[in-house]
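Following the hints, put chains B and C in place on chain A, whose structure we already have.
Protein chains in written order, with this note's numbering: chain A, 1 to 347; chain B, 1 to 347; chain C, 1 to 347.
Read the hints as simulated data drawn from the structure, not as lab findings.
Errors might be hidden in some of the hints.
If several chains are the same, the list does not tell them apart, and a pair holds so long as it fits within one copy or across any two.
[Stated by the list, open to error] Result set (SDA-like, lysine to any residue): computed pairs, CA atoms no more than 25 Å apart in a straight line: (1) K25 x D88; (2) K206 x D146; (3) K25 x E142; (4) K336 x I321; (5) K25 x F205; (6) K164 x E139.
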Amino acid sequence: MADPRFYDNAGPLLLAQVAELTGAKAAAGADAQIADVAALDSAGPGQISYCEGPKFKGALERTQASVVLVPAALASSVPPTAIAMVCDRPALAFAKVSTALYPNAFWLWPADKPPLHAIAPSARVGEGTVIAPGVFIGEGVEIGDDCIIGPGVAIARGVQIGHKAWLGAHVRISHALIGDRCIVHGGTSIGQDGFGYVSGPRGHFKIPQLGRVIVQDDVEIGANCAIDRGALADTVIGEGSKIDNLVQIGHNNRIGRRNVLAAQSGFAGSSETGEFVVLGGQVGVADHVRVGAGAMIAAKSGVTRSLEGGKVHGGFPAKPIEQWRREVATLSRLAKGKRNRDERDGS
Amino acid sequence: MADPRFYDNAGPLLLAQVAELTGAKAAAGADAQIADVAALDSAGPGQISYCEGPKFKGALERTQASVVLVPAALASSVPPTAIAMVCDRPALAFAKVSTALYPNAFWLWPADKPPLHAIAPSARVGEGTVIAPGVFIGEGVEIGDDCIIGPGVAIARGVQIGHKAWLGAHVRISHALIGDRCIVHGGTSIGQDGFGYVSGPRGHFKIPQLGRVIVQDDVEIGANCAIDRGALADTVIGEGSKIDNLVQIGHNNRIGRRNVLAAQSGFAGSSETGEFVVLGGQVGVADHVRVGAGAMIAAKSGVTRSLEGGKVHGGFPAKPIEQWRREVATLSRLAKGKRNRDERDGS
Amino acid sequence: MADPRFYDNAGPLLLAQVAELTGAKAAAGADAQIADVAALDSAGPGQISYCEGPKFKGALERTQASVVLVPAALASSVPPTAIAMVCDRPALAFAKVSTALYPNAFWLWPADKPPLHAIAPSARVGEGTVIAPGVFIGEGVEIGDDCIIGPGVAIARGVQIGHKAWLGAHVRISHALIGDRCIVHGGTSIGQDGFGYVSGPRGHFKIPQLGRVIVQDDVEIGANCAIDRGALADTVIGEGSKIDNLVQIGHNNRIGRRNVLAAQSGFAGSSETGEFVVLGGQVGVADHVRVGAGAMIAAKSGVTRSLEGGKVHGGFPAKPIEQWRREVATLSRLAKGKRNRDERDGS
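In isolation and in its complexed conformation, chain A is listed as follows (with noise of 0.2 Å):
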């Protein structure tokens, strides 16, 4: 369920409701109702979810919903505990529901208090915290003892800040946990939306994002960086971890534990590195993947494929570094073999 420090539940909805929103019709149940969205394997009882095609039959067959968004096809994989609700486009379907549960899941603030208020009246600052002119703390915020508040930082509601962090001007944070000692330097974005869409001939259709940004404790982070937050899931940066300056970290990834990413380095989506994970600078890595602990990835690569832990990779597409060094050798070569040729030939 999306975390009601960060959320509002606009629910519960009525698969009456449901069905008028998205089209998708159930066979059972229209006056039951559904209090939250969420994913295959981690809902439950009172949920709704959505299976989007064979490859999730698994999950389907296993979940916990009570009511699942299914294409005809798979109707029949729909546990006898949940009420299968058909449609063609199970993925825009939810989203849709998702946006009429939260309608305001990107705010700021909740939104029946705009914010009257620099530092809100709920928010909890510890002992010897001190912060700077120029700052935003919202409703229900929650900042540890012992932390520097650079000017012109904004946190919004709901956010939880641990002991002796330190954050520079005008970092952003939203929908996200802070460990204890984590250093933020200025500007960066600390859970944004992911980027979500449900694409089709018309557009695409913003998939709400209901996940938070957990950063545990001893993590620093660069500036100017952009850490979504999670789309179900959570994204998280591991203990003790350090990220340089304009790095992206899309939603849901998991970065482990004392990893190195430097600067321009990018994540897209869902992905996760074990411990000591080192990044070079430009790396980019592509959503689903797994990079093992003790992985080090040669800068401006690009990952595309999980990577084994304790060995050095390079190249894109990512591969061990000696075969990569070999490739930018043989290419070397053979076009020197090619000039050499073409001189020869007087062409």
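Showing chains B and C alone in chain A's frame:
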């Protein structure tokens, strides 16, 4: 003509003044005057333009400018309706005239109205719009109804924002018109100067950037992006396009409708995309290219020339994806062959 | 010595204290004391330095430091003017001593002066300078005449800014000296900590960054850039250089005069460019390389070693552009040959 909502014109200038500023010599009309600067193909009466070389001879012959700065070799191609001013470096001369006409082109407020108020009295804000603390709204700004303006947002003189827009914390907007239902996440900069200089042995002379940014309806822009305004024309983000975090859009780019631009991608300048173009993460697009409707560009690609629509492209330089995949496979195979030979030869 | 405008020195430390902090053993002089930290080649009397390995033996033999942290194998190379302190991990020991001497090295204000005022009483602002609302100016800051300071700008303790500078909204500057007529666009962060750690099996120990950023006259820096201050030396941006949006300049880089760095390019650290170097978009430059005067680097290149000036380089690893073009053409030709063979063979 530069939009007077954003730019104060300090003209007109006598041609004698232009000659003194630039060293250009007019064949006639030293007491004529020019009121504005414009590109050859959009200039009209009372305006000065320039032609850098024979590549633009066609546009020169058709121009409706009243005055044109040209190298001697092109003076005879200036149409009879225009006065030719001959000089060695027309682009530099034009930049100097632009600077004289718009000495404060990159200011965030009118030169005669220093920003005494956080919200200028002349700004108009629609009904139902909620403005967080610490927001700066400049002279003549208009914001529609039911918008959400996050903490510390800075909106410079003359900016127009439609209805139901949502701006995250510390968004910066200048020299721009923003449509309805646009979402801009925290820390994004819209409307700053494009990256334009006339370079010579003594350094780089700044070319005043006199265009705007047009963000059409239903656009979403991620965190910490940078979208420069146009030089003489506009930078445009088409209706319904979605832009991820840390994306760079240089001056004069025209992003089509319903594009999807993944994180850390960038457009150099003066390029154009058709409808429904999709860019993967960390893609770079060179200047003055066209990407056709429905094209998809794989992550990390470098687009160096125009690409056909409706296809998937990849690699650097970007090419049809199957070709790029073949190249990757070919190099891998050749490098392995080399390795096998080396091992066989005991080297 | 760390610039006292930016750093409060908590020393001196007795060698006995250094020993306790680091586990290093001094051959003599436990009641001697050190007042500051410095690199081997810049250290002077009363300062402590370190030598990590035999690579730096020459600098060790010439150092004028009073105390040097060294591994046992190098103790005999410490000059007679210095006391050797032997330890297993000199870099880690040095980082611990630095932390003890500068416990608040990354603060934005002096530890004993929390920022009560948006504009510190001790700040000096020149005539004709216009300051927008929401600006933070720290203790001891000096800003010249006729500057424009945009909304929400944050200038930390001790920063010096010349005349006629222009700072866009939410620019952040700390630990920096900025020249005359500099332009910095919105959201750029100058002067935050470089990305430096001593890594070990238990994690990454933060190395205090005690240098500065020097931005010389007539520099322009785009939106949402990040320019880190030096570790022990300074990061320098040379006179008249122009930097586009979203550019990363890591610690200790020395960018030459009149460089042009296109958007999303990045320098890892401790590299140097000559005059009139041009980088295309998304170029990456590794650490400790030198790019010669007048070199041009094509977009998306990766500079992994020093490059000759006056030439055009491209590719990754960057090489003479003709060579890179030949490689691209060679690979394309080979892959096509393979395709033709495959088609002929019916595969």
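Going through the hints against the structure:
For the homomeric pair K25 and D88, the shortest alpha-carbon distance inside one copy (10 Å) is at most 25 Å, but the shortest distance between copies (70 Å) is not. When the C-alpha separation of K206 and D146 is checked against a cutoff of 25 Å, the pair qualifies only between copies, where the shortest distance is 19 Å, while the shortest distance within a copy is 39 Å. Neither within a single protomer nor between protomers do K25 and E142 lie at most 25 Å apart by alpha-carbon distance, with minima of 44 Å and 44 Å respectively. For the identical chains of this complex, K336 and I321 are neighbours both inside a copy (23 Å) and across copies (13 Å), given an alpha-carbon limit of 25 Å.
In this assembly of identical chains, K25 and F205 lie within 25 Å of each other by CA distance solely inside one copy; the values are 21 Å within and 58 Å between copies. Within a single copy, K164 and E139 get their C-alpha atoms as close as 21 Å, and across copies as close as 23 Å, so both meet the 25 Å cut-off.
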